[in-house]
Each structure stands twice: as structure tokens, then as C-alpha cells.
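**Student:** Sequence:
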Amino acid sequence: MPKKKSDTPEKEEVVLTEWQKRNLEFLKKRKEDEEEQKRINEKLRLDKRSKLNISSPEEPQNTTKIKKLHFPKISKPKIEKKQKKEKIVNSLAKTNRIRTAPIFVVAFLVILVSVFLLTPFSKQKTITVSGNQHTPDDILIEKTNIQKNDYFFSLIFKHKAIEQRLAAEDVWVKTAQMTYQFPNKFHIQVQENKIIAYAHTKQGYQPVLETGKKADPVNSSELPKHFLTINLDKEDSIKLLIKDLKALDPDLISEIQVISLADSKTTPDLLLLDMHDGNSIRIPLSKFKERLPFYKQIKKNLKEPSIVDMEVGVYTTTSTIESTPVKAEDTKNKSTDKTQTQNGQVAENSQGQTNNSNTNQQGQQIATEQAPNPQNVN
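Under the UniProt record's numbering, the first residue of the sequence shown carries the number 1, and numbering increases by one thereafter.
Quick caveat, the hints were computed from the structure, so don't treat them as lab data. Where hints are given, some of them may not hold.
Derived lysine-lysine pairs resembling PhoX-like cross-links, with alpha carbons at most 25 Å apart [unchecked claim]:
#  : residue 1 : residue 2
1  : K246      : K214
2  : K202      : K234
3  : K225      : K299
4  : K143      : K174
5  : K148      : K185
6  : K148      : K125
7  : K225      : K246
8  : K174      : K160
9  : K148      : K160
10 : K158      : K174
11 : K94       : K84
12 : K194      : K213
Computed Cβ-Cβ distance ranges for the label pairs, DEER-style [as the list claims (entries may be wrong)]:
#  : residue 1 : residue 2 : range
13 : T175      : L252      : 26 to 32 Å
14 : G313      : S130      : 47 to 53 Å
15 : H200      : L117      : 52 to 58 Å
16 : K43       : P102      : 48 to 54 Å
17 : Q133      : K185      : 21 to 27 Å
18 : K43       : L112      : 40 to 46 Å
19 : D150      : E235      : 34 to 40 Å
20 : D216      : E290      : 33 to 39 Å
21 : S130      : S264      : 44 to 50 Å
22 : E322      : N301      : 14 to 20 Å
Glycine residues also receive a C-beta, built at the ideal position from the N, C-alpha and C atoms.
Produce the entire structure from the sequences given, and follow the hints as far as they go.
**Tutor:** Encoded structure:
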């Protein structure tokens with residue numbers, strides 16, 4: 001009879017959890033590591049034995065037994081933790097080095113500067129000046145108030161004060177600009193004030209600058225061929241006049257030869273302008289800029305040297321016309337004196353009165369014939 005099949009069921013396949021799988025892998029990996037460690041140990045043992053055999057070939061029997069070295073088994077998670085700790089420690093050390101680096105740099109620079117200040121080179125400096133025509137270089141450098149014992153790098157930080165001081169101390173300096181050139185050179189670029197006119201004084205001719213200030217007198221040989229002379233004493237009046245001259249046409253200003261005070265009682269600021277063409281202009285300083293441009297139109301109609309009066313309005317006259325009434329008045333006074341000096345003779349007195357009347361009529365006729373109508377210019 002055939003054998004009966006066994007009634008026992010076949011073993012069912014076991015389903016492992018994720019943790020069990022990882023545990024099996026870990027055990028498998030651990031076993032492999034142990035085997036690898038054994039192979040390494042065996043290899044080390046054989047290497048040492050071969051070295052001993054080579055070092056003492058004559059005594060092969062006296063070989064010593066090499067003990068097996070058993071290294072502690074380190075699991076992989078511990079190695080990873082150790083590596084992470086080492087990375088953290090290294091990063092902290094690097095961060096500390098970066099943070100402390102500026103401190104060391106600053107300290108090094110402070111020490112370097114301190115040592116440099118003790119050397120004579122820290123006070124050596126070279127100063128040059130350009131753009132100046134009237135004031136010598138050494139005088140300008142002296143007016144900067146730069147001392148020999150000043151550290152040259154201190155001038156870099158106070159160059160603005162030096163520029164302002166130079167412009168305030170020297171009347172010729174309009175602006176000054178100080179620049180630094182490595183290692184210890186300084187250059188001052190100067191712009192001078194322009195000469196607008198000259199003032200005739202007892203010391204000579206003084207240049208009147210565009211600021212209204214007067215410079216030191218110059219020699220006659222230094223004067224230009226044609227120049228404007230200003231004979232005013234008050235500095236405020238000169239400054240106001242220079243301001244107006246700068247605002248007017250340069251061609252018109254070049255026609256003026258002398259500007260002086262007219263000594264008018266009614267208009268204290270009345271100026272008298274002597275022109276190169278022989279004409280004269282009377283004009284108040286307060287109306288100088290407004291009325292002087294009219295002269296270009298007026299002079300076209302002038303046929304002889306004339307006086308252009310701009311004190312009240314604008315009209316022209318001549319010196320002959322202005323002097324004629326004065327001569328007639330003088331003739332009248334002389335005739336009156338003559339009649340009064342007679343010894344009381346009636347005939348002579350009558351004749352003197354007749355002469356006076358005739359003289360007055362003649363004077364009025366002369367004034368009427370020679371005085372033209374004023375040419376008003378709006």
C-alpha cells in the first residue's frame with residue numbers, strides 16, 4: 001500500500017518587520033567586520049613574523065610568540081557621532097579664529113603705527129605750490145601755519161582747515177586745494193583773485209582785486225598799458241563798485257579811465273568817470289549798474305567831448321556851457337564893484353547902473369545862445 005501523505009502542513013514563510021531586517025543586516029555587517037578584523041590581525045601577525053625572521057635569520061628557533069592584538073570593536077553609529085563631534089569642534093575653532101583675527105590685525109597696526117611715530121620719517125614732508133603769480137611759494141607755505149614737527153599724516157585730515165586759512169591770510173588767494181601724494185608729498189593748487197583796477201595812493205598804485213580789497217603797491221614798470229584807476233577811500237564803496245563793474249560788459253568797462261568821487265553835496269555817492277574818448281560821466285554809485293549801459297547809445301550822438309549827467313535822469317552838456325553862467329556873473333560883480341568905488345558922483349552912478357543893466361542883458365543873451373535844450377534819454 002502506498003504511504004499516506006503526511007498531514008502536517010508545510011512551514012509558512014516568516015514575514016520579518018523592518019526593524020528585524022535592519023537588525024539582521026547589522027548582525028551580518030558586524031560578522032563581516034569581525035572577519036575583516038581577523039584577516040587584518042592575521043596579516044599584521046604574519047608581517048611582524050616575517051620582519052623578525054629577516055632581522056635575525058641565524059636564530060630562527062628563538063622566535064617569540066606574538067600576541068594577538070584585540071582592538072575594541074567600535075560600532076558605526078559611534079564612529080559617526082565621533083566624526084560629528086570632531087567637525088563641530090573644528091568649526092568652532094575656525095569661527096573663533098575668524099572672530100579674533102580683526103583684533104590681532106588692529107593690534108598689529110597699532111604697534112606698527114606706534115613704531116613709525118618714533119621714527120624721524122613720520123615728520124618729513126615735501127610741500128609744493130602752483131598757480132601763484134604774485135605771492136612767493138615760501139610765503140604761502142608759511143601762511144599755511146604748517147610746522148616742521150607736524151606729523152605728515154595729520155595734514156591729510158586737516159587739509160580743509162589749511163585751505164581756508166590760506167585763503168583768509170593772503171589777499172591774492174581766491175581758492176586753495178591741497179592734495180596728498182604718496183608717501184609724504186603735498187601739493188597746493190592756488191587760484192588768485194583777478195585785478196579789476198588800480199588805486200592811486202601816496203605809496204603808489206595798489207591793485208584793487210575782484211574781492212574789493214587792495215593789495216600791496218606795485219612798481220610803475222609792472223602796470224599794464226591801459227588800466228582803470230579808482231580814487232575812492234571807503235572800502236565799502238570800493239567793494240560795491242567792484243561788484244557792479246564785474247556785472248557790466250567788459251568792453252564798456254575798458255572805456256573808463258578814472259573813477260573818482262564828484263564831491264556833490266546833494267548826492268554823496270555821486271561818481272565822476274573820465275573816459276578814454278574824452279567824455280565825462282556823472283553817475284551815482286547806487287545807480288551805477290542800471291544807468292551806465294546807456295552810455296553806449298549816448299556817445300553815438302556826441303560830436304565833441306561832453307559831460308553825460310546821470311545824476312537825475314540822463315542828459316548831456318559840455319564844460320563850456322556849464323562855465324558860461326559863471327563868467328557872466330563875474331562880469332556883473334565887477335561892474336557893481338566899480339560903481340560902488342566912485343566918490344558918490346551921480347553921473348557915474350547912473351552910468352554904472354546903465355552898464356550893469358547892459359551887462360545883465362548881454363549875459364542873459366550869451367547864456368540863451370549857448371545853452372542848448374537838454375537831451376533827455378529814457
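**Student:** Each hint needs a verdict: does it hold in this structure or not?
**Tutor:** Now for the hints, and whether the structure bears them out:
1. K246 to K214: Distance ~16 Å between K246 and K214 Cα, so the pair holds.
2. K202 to K234: Distance of about 16 Å is within 25 Å: holds.
3. K225 to K299: Distance ~24 Å between K225 and K299 Cα, so the pair holds.
4. K143 to K174: Since the Cα atoms of K143 and K174 sit roughly 14 Å apart, the hinted pair holds (cutoff 25 Å).
5. K148 to K185: holds, 14 Å
6. K148 to K125: Distance ~8 Å between K148 and K125 Cα, so the pair holds.
7. K225 to K246: holds, 20 Å
8. K174 to K160: Holds, because 14 Å separates the two Cα atoms, which is no more than 25 Å.
9. K148 to K160: holds, 19 Å
10. K158 to K174: holds, 19 Å
11. K94 to K84: holds, 15 Å
12. K194 to K213: holds, 11 Å
13. T175 to L252: 26 to 32 Å: holds, 28 Å
14. G313 to S130: 47 to 53 Å: holds, 51 Å
15. H200 to L117: 52 to 58 Å: Between H200 and L117, where Cβ atoms are some 55 Å apart, the hint holds.
16. K43 to P102: 48 to 54 Å: holds, 52 Å
17. Q133 to K185: 21 to 27 Å: Distance hint for Q133, K185 holds at roughly 23 Å.
18. K43 to L112: 40 to 46 Å: violated, 58 Å
19. D150 to E235: 34 to 40 Å: At roughly 35 Å between Cβ atoms, E235 and D150 fall inside 34 to 40 Å, so the hint holds.
20. D216 to E290: 33 to 39 Å: Given a distance of about 34 Å, which is inside 33 to 39 Å, the answer is holds.
21. S130 to S264: 44 to 50 Å: holds, 47 Å
22. E322 to N301: 14 to 20 Å: Holds: the Cβ-Cβ distance is about 19 Å, inside 14 to 20 Å.
Checked against the numbered hints listed earlier, the structure breaks hint 18 alone; every other hint is satisfied.
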